[in-house]
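2 protein chains.
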Amino acid sequence: MSEHRILVTYLTQAKDLNQKAESIAVGMTVGSWTELPAAKQAELKPYLGEAVSATPLETLENGETRGLITVSYPTRNFTNDIPSLLTGIFGKLSMDGKIKLVDVSFPESFLGTFPGPKYGIDGLRNRLDAHNRPLLMSIFKSCLGLPFDDLKTQFRAQALGGVDLVKDDEIFFADERAPFLERIKAFKQIAIETEEEIGKPVLYAANLTGPVNELNEKAKRAIDAGADCLLFNVLAFGFDALHRLAADPDVHVPIMAHPALAGAYYPSPDYGIATPLLLGKLMRIAGADLVLFPSPYGNVALNKTEALQLAENLTAPLEGIRRSFPVPSAGIHPGLVPQLFADFGLDQIVNAGGGIHGHPGGATAGAKAFVAATLAVTAGKTLQEAAEGSSELAVALTKWGGGR
Amino acid sequence: MSEHRILVTYLTQAKDLNQKAESIAVGMTVGSWTELPAAKQAELKPYLGEAVSATPLETLENGETRGLITVSYPTRNFTNDIPSLLTGIFGKLSMDGKIKLVDVSFPESFLGTFPGPKYGIDGLRNRLDAHNRPLLMSIFKSCLGLPFDDLKTQFRAQALGGVDLVKDDEIFFADERAPFLERIKAFKQIAIETEEEIGKPVLYAANLTGPVNELNEKAKRAIDAGADCLLFNVLAFGFDALHRLAADPDVHVPIMAHPALAGAYYPSPDYGIATPLLLGKLMRIAGADLVLFPSPYGNVALNKTEALQLAENLTAPLEGIRRSFPVPSAGIHPGLVPQLFADFGLDQIVNAGGGIHGHPGGATAGAKAFVAATLAVTAGKTLQEAAEGSSELAVALTKWGGGR
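Which chain is which? The protein sequence lines are S and X, in order. Residue numbers for the first sequence, in my numbering: 1 to 404. Residue numbers for the second sequence, in my numbering: 1 to 404.
Chain S extracted, bound-state conformation:
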């Protein structure tokens, strides 16, 4: 790939895919071409998009061909941020019939201007001193409207079970009963206590909310109050807000990207932005240390190929950009841990809500069951074997099944 061109792949349909690619290459850059005088063409050539390839997938009943097309754009057409990128490659094009933004490949010269994760997989592992195993995260059963004391009780119960992280609900914006800075301080104190009790640290991911132009300052206040990690609804606030948090040296805690609203973009086969790009590459280059996404299990789930590609995009080598932790979420119970491990490997975060709080023995037991399951798979044991040494895991397997 040219050092100064961005390759963009779309899924679309047209009578002539090559012609469509040409039309996009011109229409999304210099706007018109053939009618320009030669002198103007020479002047604008450096800004011109170029059709790179067209790959037919199927012929439709209306005679059109459905397929992938790739267009290259000069990096000079963009400022180094995701609003510029998305507007330039998909802004008006998104409204121009059936077309889905599928993938983007960046040259190093462009990537180098993005922050990427400040910690990434290795940084977070070092911070937790947790190597050679998937990490484990627990979600509050609910947050909205709960009295502060209930949240403290929930936090302690989860931490005592040995999870590595506990995160807020993503809908936790109105938090008068347990205000942001106050709960960060309180949970930090509980985390210190539980670490003394069980010898294992736990990070609390507080939901960062507020006016978008004040988020960096609020994040710094959170860190001053003891925040270890920040949960962030990236799509609700925009990728650039994540970028600015990640690029700020004073925001020195990992950032966890929540996929809220992602379903407004990715599920249609004809429109929107594919998840491996939306929740994979874009989240990573903008600076998410951890990225939640719908797991490929359960009733309503992400397509497995897409989920695996998404995780691959978070973890594959990318020049100068750290790796982000994949966090396949929803419908996770201890019996699924071998499947998770087989699909996503060591470098993932096992994340559960109902699978922890719904344990018959309570959240601490629920977390312990996951810890046992996680240690089992990394040691090459079956869950049945591990359940012999963990009554909590045995109870979980009885309730939810699974394992092997």
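Please keep in mind that the hints were generated in silico from the structure rather than gathered at the bench. Because the structure is a prediction, the values reported are computed rather than measured. Treat the hints with caution; some may be incorrect.
One copy or two, it doesn't matter: identical chains are merged, so the pair holds either way.
DSS-like cross-link-like pairs, simulated, lysine-lysine; straight-line CA separation at most 25 angstroms [said to hold, decoys possible]:
no., residue 1, residue 2
1, Lys98, Lys304
2, Lys152, Lys45
3, Lys188, Lys220
4, Lys152, Lys40
Position chain X relative to chain S; hints supplied.
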């Protein structure tokens, strides 16, 4: 509607729509309900969503019913911003099967916390001293890569034709050849000159770009440099960025919302966010004075019912919130002005690019043709009648047809 509840309507499908509405009402608020002890239920009741209605539309082959469901949410569940709102009513739900966010009705108590347009239709008309007619806007033929002098020539030509506004291309982020503040100053000077020549003011809408947490400061520098209006890619930067610009008393120019990326949300019948909400209500409450959206004409166009509802949402009375100018865009030529007038009425902005620059007599003649067409329809004349007094309009009608 209750004074303190937000009504949210979704288009979805389920075996039992009522049950689905119930499930959303609980799942998107307190998370679980029936298993809670009575004391907890009493405590969390004020935060509980409620199923309001279910309207079946059709029975599907799989036995499910497709239809509209309405759920009410307490305003106390949200902070007063669109990230909180969208995350709370559609965040994880967007990823939960076929469901589209269709409409939201706000109580006054919630609306009152949003800025809405600072100028709106009346404020912009006063600023231009242009009443009782649609306004007219022209788009640069292209911006990216063009030498500054070419842009100045384009600006002058459009202004001399009598348009009310000239806007940047939305993809104009990388602007080294005509930097933001410098071109604002230059075009302001040209606008002063053309107003002296033709006795009519013109506003230049400069594309506001940059780090999202620095946009307000950049907007103020633009205003100091003479900016009359700001173009803003709201969806690329997030609704909250618009909100913070509109709420900032020092950003005292109208804001024009561009719909770039909207097609990633609205076209699917099964997923996403409907345009009348996305580009209508949400843009308005967040503070857009003018809102561009795809016109219902041309090859690829917005569904007409949706386009009209969108415009209605921008202009219908909304307690405490000013009206936004609808700007139906794309595929507009002078011959379409009677149709635009019939569909969108007096309070709209006629917006053209190719329909102005493609005029055989050049951009000034193209703009004059639109001025003549606009004056004709507001005076109740046909375009043919008006063309007798405007050679530019006659030429345009010959080229593009239309009129009546």
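Results of checking the hints against the structure:
Within a single copy, Lys98 and Lys304 get their C-alpha atoms as close as 24 angstroms, and across copies as close as 18 angstroms, so both meet the 25 angstroms cut-off. For the homomeric pair Lys152 and Lys45, the shortest alpha-carbon distance between copies (21 angstroms) is at most 25 angstroms, but the shortest distance inside one copy (61 angstroms) is not. With identical chains, the CA atoms of Lys188 and Lys220 are at most 25 angstroms apart within one copy only, with a shortest distance of 16 angstroms there and 40 angstroms across copies. Taking the shortest alpha-carbon separations for Lys152 and Lys40, only the inter-copy value of 16 angstroms comes in at or below 25 angstroms, while the best intra-copy value is 66 angstroms.
Figure legend: structure checked against the earlier numbered hints; every hint is met.
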